[in-house]
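Start from the sequences, fold in the hints, and give me the full structure.
In order, the protein sequence lines correspond to chains R and H. Each residue of the first sequence is one higher than the one before, counting from 1 in my numbering. Each residue of the second sequence is one higher than the one before, counting from 1 in my numbering.
One or more of the hints may lead you astray.
Within a straight-line C-alpha distance of at most 30 Å, the following computed DSBU-like cross-link-like pairs (lysine-lysine) qualify [claimed, not checked]:
{"no.": "1", "chain 1": "H", "residue 1": "LYS133", "chain 2": "H", "residue 2": "LYS40"}
{"no.": "2", "chain 1": "R", "residue 1": "LYS86", "chain 2": "H", "residue 2": "LYS256"}
{"no.": "3", "chain 1": "R", "residue 1": "LYS122", "chain 2": "H", "residue 2": "LYS338"}
{"no.": "4", "chain 1": "H", "residue 1": "LYS10", "chain 2": "H", "residue 2": "LYS279"}
{"no.": "5", "chain 1": "H", "residue 1": "LYS180", "chain 2": "R", "residue 2": "LYS99"}
{"no.": "6", "chain 1": "R", "residue 1": "LYS99", "chain 2": "H", "residue 2": "LYS347"}
{"no.": "7", "chain 1": "H", "residue 1": "LYS16", "chain 2": "H", "residue 2": "LYS86"}
{"no.": "8", "chain 1": "R", "residue 1": "LYS60", "chain 2": "H", "residue 2": "LYS208"}
{"no.": "9", "chain 1": "H", "residue 1": "LYS158", "chain 2": "H", "residue 2": "LYS133"}
{"no.": "10", "chain 1": "H", "residue 1": "LYS279", "chain 2": "H", "residue 2": "LYS359"}
{"no.": "11", "chain 1": "R", "residue 1": "LYS14", "chain 2": "R", "residue 2": "LYS101"}
{"no.": "12", "chain 1": "H", "residue 1": "LYS177", "chain 2": "R", "residue 2": "LYS60"}
{"no.": "13", "chain 1": "H", "residue 1": "LYS279", "chain 2": "H", "residue 2": "LYS16"}
{"no.": "14", "chain 1": "H", "residue 1": "LYS16", "chain 2": "R", "residue 2": "LYS60"}
{"no.": "15", "chain 1": "R", "residue 1": "LYS86", "chain 2": "H", "residue 2": "LYS286"}
{"no.": "16", "chain 1": "H", "residue 1": "LYS158", "chain 2": "H", "residue 2": "LYS177"}
{"no.": "17", "chain 1": "R", "residue 1": "LYS101", "chain 2": "H", "residue 2": "LYS346"}
{"no.": "18", "chain 1": "R", "residue 1": "LYS103", "chain 2": "H", "residue 2": "LYS346"}
{"no.": "19", "chain 1": "H", "residue 1": "LYS135", "chain 2": "R", "residue 2": "LYS60"}
{"no.": "20", "chain 1": "R", "residue 1": "LYS122", "chain 2": "H", "residue 2": "LYS4"}
{"no.": "21", "chain 1": "H", "residue 1": "LYS10", "chain 2": "R", "residue 2": "LYS122"}
{"no.": "22", "chain 1": "R", "residue 1": "LYS60", "chain 2": "H", "residue 2": "LYS4"}
{"no.": "23", "chain 1": "H", "residue 1": "LYS208", "chain 2": "R", "residue 2": "LYS86"}
{"no.": "24", "chain 1": "R", "residue 1": "LYS60", "chain 2": "H", "residue 2": "LYS256"}
{"no.": "25", "chain 1": "H", "residue 1": "LYS334", "chain 2": "R", "residue 2": "LYS122"}
{"no.": "26", "chain 1": "H", "residue 1": "LYS180", "chain 2": "R", "residue 2": "LYS60"}
{"no.": "27", "chain 1": "R", "residue 1": "LYS60", "chain 2": "H", "residue 2": "LYS10"}
{"no.": "28", "chain 1": "H", "residue 1": "LYS359", "chain 2": "R", "residue 2": "LYS60"}
{"no.": "29", "chain 1": "R", "residue 1": "LYS8", "chain 2": "H", "residue 2": "LYS18"}
{"no.": "30", "chain 1": "H", "residue 1": "LYS338", "chain 2": "R", "residue 2": "LYS60"}
{"no.": "31", "chain 1": "H", "residue 1": "LYS151", "chain 2": "R", "residue 2": "LYS60"}
{"no.": "32", "chain 1": "H", "residue 1": "LYS10", "chain 2": "R", "residue 2": "LYS119"}
From the structure, some residues in chain R lie toward chain H, with a derived Cβ separation under 7 Å [stated by the list, open to error]:
{"no.": "33", "residue": "VAL36"}
{"no.": "34", "residue": "PHE37"}
{"no.": "35", "residue": "SER45"}
{"no.": "36", "residue": "ASP118"}
{"no.": "37", "residue": "ALA121"}
{"no.": "38", "residue": "GLU123"}
Honestly, the hints are just simulated from the structure, not real lab data. Computed from a predicted model, the values in this text were never measured in an experiment. Backbone N, C-alpha and C fix where the C-beta goes; we use that ideal spot for every residue, glycine too.
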Amino acid sequence: MSEVKYSKEHEWIKVEGDVGTIGITQHATEMLGDIVFVELPDVGSSVEKDGNAGVVESTKAASDVYTPISGEVMENNPVIVEDPGKINSDPENEAWFFKLKIKDSSELDSLMNKEEYDKFAKESGN
Amino acid sequence: MEIKKTSLNKLHQDNKAKFVEFAGYEMPIQYSSGIIEEHKFTRANSGIFDVSHMGQLFIYGDDNLINDLEKIFPLDLKNLKLNSSKYSFLMNDKAGVYDDLIITKLDKGFLIILNAACKDNDFKILSSLLKDKYKMVLDDQRSLIAIQGPKSVEILNKILKAVADLNFMSGNWFTYKDQKLYVTRSGYTGEDGFEISISNELAEVFTKELLDNGSKMIGLGARDTLRLEAGLCLYGHELSTETTPIEANLKWAISKDRLNNGGFIGSDNVINQIKDGAKKIRIGIKPEGRLIAREKTKIFNENEQLIGEVTSGTFGPSVNGPIAMGFVDQEFSKKETKILLEVRGKKYPANVCGLPFYKKSYVKGVN
Chain R
1 MSEVKYSKEH
11 EWIKVEGDVG
21 TIGITQHATE
31 MLGDIVFVEL
41 PDVGSSVEKD
51 GNAGVVESTK
61 AASDVYTPIS
71 GEVMENNPVI
81 VEDPGKINSD
91 PENEAWFFKL
101 KIKDSSELDS
111 LMNKEEYDKF
121 AKESGN
Chain H
1 MEIKKTSLNK
11 LHQDNKAKFV
21 EFAGYEMPIQ
31 YSSGIIEEHK
41 FTRANSGIFD
51 VSHMGQLFIY
61 GDDNLINDLE
71 KIFPLDLKNL
81 KLNSSKYSFL
91 MNDKAGVYDD
101 LIITKLDKGF
111 LIILNAACKD
121 NDFKILSSLL
131 KDKYKMVLDD
141 QRSLIAIQGP
151 KSVEILNKIL
161 KAVADLNFMS
171 GNWFTYKDQK
181 LYVTRSGYTG
191 EDGFEISISN
201 ELAEVFTKEL
211 LDNGSKMIGL
221 GARDTLRLEA
231 GLCLYGHELS
241 TETTPIEANL
251 KWAISKDRLN
261 NGGFIGSDNV
271 INQIKDGAKK
281 IRIGIKPEGR
291 LIAREKTKIF
301 NENEQLIGEV
311 TSGTFGPSVN
321 GPIAMGFVDQ
331 EFSKKETKIL
341 LEVRGKKYPA
351 NVCGLPFYKK
361 SYVKGVN
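Have a look at this one:
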């Protein structure tokens, strides 16, 4: 069983056991425009909920990526570093950013489900 | 202050533009296909740019006007042919740049195309320098539409016959629906193309004809990546009152015979900088990885001493990598010089490179 949850910073996290796979949402990529560069957190590093966990750059500007959940980075996705355009074409599947070992699963409670996120994204406008 | 809209605003909306405020105008940054697609489409086909926010300044006068304008601009205007255009600058007396512009000789005077953010200030400065001796019209009844890219000549020629006969950096009057348009073969993308000065009331129907013939709307986002790949300066980035044309590596735009005798505003500093060398100079920058160094990124030499700053930086879709321009101390301006760019607290390697990043394909001498 896996579940997907969403943050107000437009990240998604897919939870399988104590492993979370994190990326940015379709809505985020539409706001950002064409993504041309991505920087990911190092494997083995610890990231804190709502803290910096990488950067995406579009043709327009650089934007920070935040992690919705604290944990230790187990893996990051070389495919999107090599071809950042994949983030635009398949943001919620192939173009995941990093996987982490979840430190405190209760942090997941503060995140939105799909329905809540879609409503939030729509209301947040741009 | 209320945000201004151009005559093509509705057309932008119909084409699903994302808008930004630019110099007090609501302008399209991109349309639904995105900056990279728009950029590539312009290089391969033809793109339409609404540049109606730019100033179209008509100054009417005779030989006295030519003499007076030569006291301002570093150009040989006496020998400028009718309907020929020159790239130039409005400078202060230290040769700092108030604006960069294109000036075209018309039968009754000159047309000067000014940057949107500078046009009102330029008008004041020029009115004062010319002591209100000449009729000057900063014409907001006209729109300005650029069409750029290799297929543009074929597309525009279907609508305005004989436009294909224009040489690069020259213009002429054409008739469209019984009104006069002024068309120059010019642009700011590194591609062959045209800029069309047209009444506001005809701007939309004219642009729709261009679209019907296969051109596409392109936003300011792609305009910026196109001009940066072409190594062209943008006011407020490479050019300001703190920068001279010599520092910006634009000596080519100053008429040679004006350099001998001066007599234009800022000429002392321009001539001195040519003689002694400018302390800082504009360079092209190629970062080694995929990292983008944006405006204000600090530039260091290999010994980690600060030597300058990036003024424009983006991803170049046609060169498929990051590109930037900036200013460094003269001694570090040679091509292939290794430099470091500080981005988010870390220093990354880059090289000084020649400009443009993307080779131009202007049409010269079709006649």
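Tested hints:
Taking the CA atoms of H:LYS133 and H:LYS40, the gap is near 46 Å; set against the 30 Å cutoff, the hint is violated. For the hint linking R:LYS86 to H:LYS256, the alpha-carbon distance of about 51 Å lies beyond 30 Å, and the restraint is violated. Using a Cα cut-off of 30 Å, the hinted pair R:LYS122 and H:LYS338 is violated, with the two alpha carbons roughly 47 Å apart. Between H:LYS10 and H:LYS279 the alpha-carbon distance is near 47 Å, which puts this suggested pair outside the 30 Å criterion.
Under the criterion of a C-alpha separation no larger than 30 Å, the hint pairing H:LYS180 with R:LYS99 is inconsistent with the structure, at around 63 Å. Taking the CA atoms of R:LYS99 and H:LYS347, the gap is about 27 Å. The hint holds against a cut of 30 Å. Simply put, H:LYS16 and H:LYS86 have alpha-carbon atoms about 35 Å apart, too far for the 30 Å limit, and the pair is violated. With a C-alpha separation of about 27 Å, the suggested pairing of R:LYS60 with H:LYS208 holds against the 30 Å cut-off.
Taking the CA atoms of H:LYS158 and H:LYS133, the gap is about 41 Å. The hint is violated against a cut of 30 Å. Straight-line distance between C-alpha atoms of H:LYS279 and H:LYS359 comes to about 28 Å, which keeps the hinted pair within the 30 Å bound. Distance hint between R:LYS14 and R:LYS101 is fulfilled; the C-alpha atoms sit about 12 Å from each other, no more than 30 Å. Restraint check for H:LYS177 and R:LYS60: not satisfied, since their Cα atoms lie roughly 39 Å apart, outside the 30 Å limit.
Restraint check: the Cα-Cα separation between H:LYS279 and H:LYS16 comes to about 46 Å, which exceeds 30 Å; the hinted pair is violated. Between H:LYS16 and R:LYS60 the CA atoms are separated by roughly 18 Å; this keeps the pair inside 30 Å, and the hint holds. For a cut-off of 30 Å, the pair hint linking R:LYS86 to H:LYS286 stands: about 24 Å separates their Cα positions. This hinted pair checks out: H:LYS158 and H:LYS177 have alpha carbons roughly 14 Å apart, not beyond 30 Å.
In summary, the hint linking R:LYS101 to H:LYS346 is supported, as the alpha carbons are separated by about 27 Å, within the 30 Å threshold. Proposed proximity of R:LYS103 and H:LYS346 is supported: the alpha carbons are some 29 Å apart, at most 30 Å. Annotation: proposed proximity of H:LYS135 to R:LYS60 is violated, straight-line Cα distance about 41 Å (limit 30 Å). As the CA atoms of R:LYS122 and H:LYS4 are separated by approximately 27 Å, the hinted pair is consistent with the 30 Å bound.
A C-alpha spacing of about 24 Å is found between H:LYS10 and R:LYS122, which places the hinted pair at or below 30 Å, so the restraint holds. Pair hint R:LYS60 plus H:LYS4 holds up; C-alpha atoms about 23 Å apart against a cutoff of 30 Å. Between H:LYS208 and R:LYS86 the CA atoms are separated by roughly 34 Å; this puts the pair beyond 30 Å, and the hint is violated. About 39 Å separates the Cα atoms of R:LYS60 and H:LYS256, which puts this hinted pair outside 30 Å; it is violated.
A threshold of 30 Å between alpha carbons decides the hint, and for H:LYS334 with R:LYS122 the separation of about 51 Å lies outside it, so the pair is violated. Taking the CA atoms of H:LYS180 and R:LYS60, the gap is near 37 Å; set against the 30 Å cutoff, the hint is violated. Between the alpha carbons of R:LYS60 and H:LYS10 the distance comes to roughly 24 Å, so the proposed pair stays at or under 30 Å and holds. Simply put, H:LYS359 and R:LYS60 have alpha-carbon atoms about 23 Å apart, close enough for the 30 Å limit, and the pair holds.
About 22 Å separates the Cα atoms of R:LYS8 and H:LYS18, which keeps this hinted pair within 30 Å; it holds. Proximity of H:LYS338 to R:LYS60 is assessed by CA-CA distance (about 26 Å); at most 30 Å being required, the pair is judged to hold. About 27 Å separates the Cα atoms of H:LYS151 and R:LYS60, which keeps this hinted pair within 30 Å; it holds. Between the alpha carbons of H:LYS10 and R:LYS119 the distance comes to roughly 29 Å, so the proposed pair stays at or under 30 Å and holds.
Nearest Cβ of chain H to the Cβ of R:VAL36: about 4 Å, under the 7 Å cut. The hint holds. About 5 Å separates the beta-carbon of R:PHE37 from the nearest beta-carbon of chain H, less than 7 Å, and the hint is met. Restraint check, R:SER45 versus chain H: the minimum CB separation of about 15 Å is more than 7 Å; hint violated. Checking R:ASP118 against chain H: minimum C-beta separation of about 21 Å lies over 7 Å; hint violated.
Because the beta carbon of R:ALA121 sits about 16 Å from the nearest beta carbon in chain H, more than 7 Å, this interface hint is broken. The interface hint given for R:GLU123 is violated, since its Cβ lies 18 Å from the closest Cβ of chain H, which is over the 7 Å cut-off.
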